[in-house]
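J.: Sequence:
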Amino acid sequence: MTDTCILFFIKYPNLGNVKTRLAKVIGEDVATSLYRHFVQDMLKGFEKVESQLRICYAPCGTDDPEKDFKSWLGPQYEYREQVGDDIGARMKHAMQAAFDEGFQRVIIIGSDIPDFPPELITKAFLDLDMQDAALGPSYDGGYYLIGFRKDTFIPEVFDDIPWSTRDVYRATLLKLQEADLELIRLPDWNDVDTIWDLNLLLRTNRNSSFRKSSTYAILREHAKLIREFDVDLPSHCRLDD
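Residue 165 in my numbering is what sits at position 162 of the sequence shown, and the numbering runs on without skipping anything.
Treat the hints with caution; some may be incorrect.
[Stated by the list, open to error] Pair ranges (Cβ atoms, derived): (1) P158 <-> E231: 43 to 53 Å; (2) R230 <-> P68: 33 to 43 Å; (3) D233 <-> E181: 32 to 42 Å; (4) A174 <-> R230: 33 to 43 Å.
[As the list claims (entries may be wrong)] Capping the alpha-carbon separation at 25 Å, the derived lysine to aspartate or glutamate pairs in DMTMM-like fashion look like this: (5) K27 <-> E185; (6) K153 <-> E104; (7) K47 <-> E224; (8) K126 <-> E185.
Don't read these hints as lab results, they were simulated from the structure.
Nothing here was measured: the structure is a model prediction, and the numbers come from that model.
Don't be surprised by glycine CBs; every beta carbon is placed ideally from N, CA and C.
Let the sequences and hints guide you as you build the complete structure.
T.: Encoded structure:
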């Protein structure tokens with residue numbers, strides 16, 4: 004699928020720059036290490052998806068940010084700096100640029116869902132042949148994935164959204180409905196930002212292939228602390244203890 008592109012939105016894992024809510028409980032060193040492994044595990048998953056991949060990195064205040072990201076993740080990827088004053092403007096710019104460069108189906112995905120199955124990305128790309136847009140809601144009221152075909156893309160879907168609130172998904176869904184677009188709704192997923200999210204990541208993957216990931220190895224190291232924040236699992240992903 005050479006006419007498709009994954010836009011992978013990430014940050015540079017400096018101490019204090021990533022997973023700040025998580026760091027308040029488990030410490031900045033562990034939180035930063037976890038984020039590094041989130042990104043690296045997701046990149047391994049993307050290798051299973053027949054699509055172009057573009058790493059869209061947030062500005063990190065260094066003299067040569069692309070060099071820093073290449074030193075971390077390797078020179079084999081295509082890197083683009085995010086452009087815009089907020090996350091909505093940055094996503095709109097990145098997606099519009101990809102369409103302008105000739106891609107026909109484009110998906111933006113965040114870096115806080117290390118256990119997300121790459122097979123669902125492949126399915127979303129295939130479904131975009133027949134439907135207009137794809138959206139993956141997260142448990143916190145936001146979304147972890149959004150995608151369009153070139154002929155159905157509406158840039159205004161990123162405008163006037165209450166970012167960083169529980170109303171992001173709802174406001175985005177309303178814009179898609181007002182545009183009368185046929186929507187692919189992906190499964191709800193756990194966007195890992197807090198210690199409770201981390202607890203959920205640990206508990207729901209005890210019997211999954213994600214146990215082999217580098218992220219899960221860190222979770223096991225800190226399982227005692229993480230389990231101090233046990234919460235009831237959502238009914239659709241509850242496991243027997």
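J.: Does each hint hold? Answer for all of them.
T.: Verification of the supplied hints:
no.: 1; hint: P158 <-> E231: 43 to 53 Å; verdict: holds (44 Å)
no.: 2; hint: R230 <-> P68: 33 to 43 Å; verdict: holds (37 Å)
no.: 3; hint: D233 <-> E181: 32 to 42 Å; verdict: holds (41 Å)
no.: 4; hint: A174 <-> R230: 33 to 43 Å; verdict: holds (35 Å)
no.: 5; hint: K27 <-> E185; verdict: violated (41 Å)
no.: 6; hint: K153 <-> E104; verdict: holds (11 Å)
no.: 7; hint: K47 <-> E224; verdict: holds (22 Å)
no.: 8; hint: K126 <-> E185; verdict: holds (16 Å)
Violated hint for the displayed structure: number 5, the only one.
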